[in-house]
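There are 2 protein chains.
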Amino acid sequence: MILTRRSFAGGLLAALATPALAAAEEPCCATGDLGLVVERASGSLVVIDRSARAALGRIEGLGDLSHASLTYSPDERFAYVFGRDGGLTKVDMLTRSIAKRVVQAGNSIGGAISDDGRLIAVSNYEPGGVRVFDAESLEMIADIPAGAKTIGLADVPGRRFIWSLWDTGETWIADFSGEKMVLTKLADVGKNPFDGVLTDDGRTYLVGLFGEKGVTAIDLWEVEPKPVRFLKDYGKTADDLPVYKMPHLQGWAFTDGQFVLPAVGQHELLWVDRATLEPTGRTAMHGQPVFIIAQPASPYVWVNFATPLNDTVQIVDSRTHGVVKTLAPGPAVLHMEFAPRGAEVWISVRDENKVAIYDTRSFAKIGEIAAESPSGIFFTARAHRTGL
Amino acid sequence: MILTRRSFAGGLLAALATPALAAAEEPCCATGDLGLVVERASGSLVVIDRSARAALGRIEGLGDLSHASLTYSPDERFAYVFGRDGGLTKVDMLTRSIAKRVVQAGNSIGGAISDDGRLIAVSNYEPGGVRVFDAESLEMIADIPAGAKTIGLADVPGRRFIWSLWDTGETWIADFSGEKMVLTKLADVGKNPFDGVLTDDGRTYLVGLFGEKGVTAIDLWEVEPKPVRFLKDYGKTADDLPVYKMPHLQGWAFTDGQFVLPAVGQHELLWVDRATLEPTGRTAMHGQPVFIIAQPASPYVWVNFATPLNDTVQIVDSRTHGVVKTLAPGPAVLHMEFAPRGAEVWISVRDENKVAIYDTRSFAKIGEIAAESPSGIFFTARAHRTGL
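Quick note, the sequences are listed as chains A and B, same order. Everything in the first sequence is counted per the working numbering, starting at 65 for the first residue and increasing by one. Everything in the second sequence is counted per the working numbering, starting at 65 for the first residue and increasing by one.
Derived from the structure by calculation, the hints contain no laboratory data. Be careful, since some hints might not be right.
Repeated chains share a single entry, so a pair holds when one copy, or any two copies, can fit it.
Computed cross-link-like contacts, DSS-like style, restricted to lysine-lysine with a CA-CA straight-line distance of at most 27 Å [to be verified]:
| # | residue 1 | residue 2 |
| --- | --- | --- |
| 1 | LYS429 | LYS244 |
| 2 | LYS290 | LYS389 |
| 3 | LYS249 | LYS164 |
| 4 | LYS296 | LYS389 |
| 5 | LYS244 | LYS389 |
| 6 | LYS296 | LYS164 |
| 7 | LYS389 | LYS255 |
| 8 | LYS255 | LYS296 |
| 9 | LYS290 | LYS418 |
| 10 | LYS429 | LYS255 |
| 11 | LYS296 | LYS429 |
Kindly generate the complete structure, drawing on both the sequences and the hints.
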């Protein structure tokens with residue numbers, strides 16, 4: 065496939081100089097098995113080919129990627145990269161170049177793409193609020209100020225977005241399905257939400273709270289969704305934990321009828337029954353869990369850990385809650401991304417400047433790719449998933 | 065995107081005549097939002113663009129597609145089409161042409177692609193057994209005779225395939241992860257399995273029985289998987305129903321902790337708790353259900369019906385088991401395919417020679433595409449799902 069792509073690279077330029085002659089014999093590249101690795105220190109991305117287990121090239125000039133995330137267009141051609149500096153960058157996977165870039169705010173913390181692929185929403189700390197852009201042109205089509213920092217932005221089916229407000233303890237839902245945007249505001253979600261996440265079935269929006277203990281669940285399938293508190297001992301109070309240990313909810317996994325989340329500040333996983341929201345167990349771990357990620361089509365979750373114990377990955381069986389395997393990929397494991405059908409996992413090992421690839425069944429290391437201080441790994445298959 | 069693809073078509077041919085000059089400016093097509101519609105009467109496929117809601121072209125010469133299915137390569141470039149005549153055809157979505165075609169048996173009924181995208185398995189009535197082909201070359205790399213008709217072939221994580229044997233009541237699992245294939249045979253699955261299906265989490269293989277009542281579940285996450293009977297009144301005995309009413313298990317849906325399946329020969333859905341395998345309810349329907357398909361990221365399943373009541377589609381809420389909407393797309397609704405994030409559904413209306421597109425939230429018809437006697441609709445996003 066790489067060869068095909070290379071041989072293609074010249075073809076288009078030739079086409080610009082030479083009139084088209086007839087139908088194509090061997091066109092370039094499909095995009096179903098591509099991906100991007102964030103190089104956090106250098107503000108660049110490595111384009112990867114999952115099938116070839118290879119890097120295809122590097123895209124530079126994306127600004128501050130120290131806390132970056134991204135999402136893909138439905139055709140898996142474009143990535144929308146949300147940088148910490150407020151930059152929204154549209155990247156073309158085929159030309160491996162920046163298609164468009166706007167600096168849309170002073171400090172942004174995440175974004176989402178609508179289910180029809182037409183709208184890009186970005187949530188901001190500075191100046192706060194959410195801004196929505198045309199996915200094609202990156203022109204702003206809606207500015208939704210909140211007088212508050214916004215967190216936990218996710219797409220919801222039906223051309224909708226959901227997010228929460230740190231300062232006011234609200235959750236807002238913007239519906240772009242009609243002629244005019246309709247904004248729904250839910251109050252009393254909890255004091256100082258610090259992150260929010262949508263479950264993999266698109267049903268439940270979970271909100272982590274900083275200003276009080278507990279987690280809030282909102283059932284978006286209800287006609288009038290309302291906040292429900294659970295895990296009422298979860299989280300920090302002012303005394304017991306420093307701020308930097310609050311786990312991000314994107315690190316929660318949904319597996320086998322359960323949520324799995326990190327016990328704040330402890331070397332433990334918590335298991336919660338998805339239907340009843342009651343705790344069902346705990347698992348002692350190697351360190352403080354950061355990301356807990358479900359291996360597709362399996363009973364397993366993979367867990368990485370906070371510094372200084374971050375050279376390790378553990379695999380836990382969601383049926384027994386027992387650790388079944390411990391791996392040591394190397395210093396500073398920051399992220400893990402599964403092939404969409406679960407055959408392999410790609411693991412960023414920041415301080416060895418590499419991405420390591422493991423077979424999920426044999427646990428054998430089957431490949432390695434060079435990258436500078438890699439953090440997030442994102443395969444294009446994410447284009448087809450809700451709530452990312 | 066369509067224009068981009070067209071302008072690309074000439075470029076490559078030019079490249080064949082002209083040496084490559086430099087890097088590309090504007091390459092062609094991503095493949096994440098493409099699809100194929102089977103034209104059953106003419107042995108052809110229509111290539112569709114989901115984002116543009118448009119047909120891009122037609123591929124002809126695929127033989128007998130009266131009972132065809134297909135699967136996609138991980139890069140979403142190639143489709144592997146399994147025809148009733150034993151034909152295995154590799155179709156290139158970019159050139160919109162047949163890349164390779166072999167007639168590998170006398171009468172084949174379905175196939176699957178391994179989780180690493182390297183192996184294509186086909187199950188055959190005539191001469192029976194399963195044959196496995198290299199996905200690149202279509203050369204046969206394993207012939208697994210069974211002395212029996214094989215049905216219900218699916219991919220299982222870890223470079224494995226599973227299928228069942230009509231004549232002997234067995235289920236076989238072939239593991240291609242090592243140097244040599246390892247074959248596991250499970251006996252006593254039930255008399256005359258007529259179809260098998262893997263649940264969406266890759267955990268449970270369900271087998272429908274023709275020679276006795278009941279359904280068999282096999283938990284593939286067990287170290288030694290074993291058949292478990294449930295729904296012991298389900299199905300036919302020789303007296304009570306004609307053969308042609310046996311529903312295919314690909315028409316079962318998995319939603320909200322439940323299986324949903326057609327009540328054989330009746331105008332009813334059956335609901336089964338996924339954890340306990342106990343029945344939880346019934347829903348009276350417009351006709352005999354054929355396909356029951358879960359709308360992604362929603363509580364809804366969409367149902368079409370057997371002739372002569374096949375002009376209708378009903379939508380059922382999996383929480384209440386109630387019908388929430390009845391649509392009449394037109395005569396002979398044969399299949400439904402959802403956009404992977406659930407925003408819209410494409411419905412083949414055979415006797416009006418069209419595919420109708422509906423918004424799943426408003427139920428408004430938002431598009432239509434011409435196709436000759438369309439049956440199955442398959443979006444490339446299927447490349448990323450297990451068990452298809």
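Results of checking the hints against the structure:
no. : hint               : verdict
1   : LYS429 with LYS244 : between (52 Å within a copy, 20 Å between copies)
2   : LYS290 with LYS389 : between (40 Å within a copy, 25 Å between copies)
3   : LYS249 with LYS164 : neither (32 Å within a copy, 56 Å between copies)
4   : LYS296 with LYS389 : neither (31 Å within a copy, 39 Å between copies)
5   : LYS244 with LYS389 : between (52 Å within a copy, 25 Å between copies)
6   : LYS296 with LYS164 : neither (45 Å within a copy, 60 Å between copies)
7   : LYS389 with LYS255 : neither (38 Å within a copy, 40 Å between copies)
8   : LYS255 with LYS296 : within (13 Å within a copy, 52 Å between copies)
9   : LYS290 with LYS418 : neither (44 Å within a copy, 42 Å between copies)
10  : LYS429 with LYS255 : neither (44 Å within a copy, 43 Å between copies)
11  : LYS296 with LYS429 : neither (41 Å within a copy, 45 Å between copies)
Hints 3, 4, 6, 7, 9, 10, 11, counting from the list given before, are not met by this structure.
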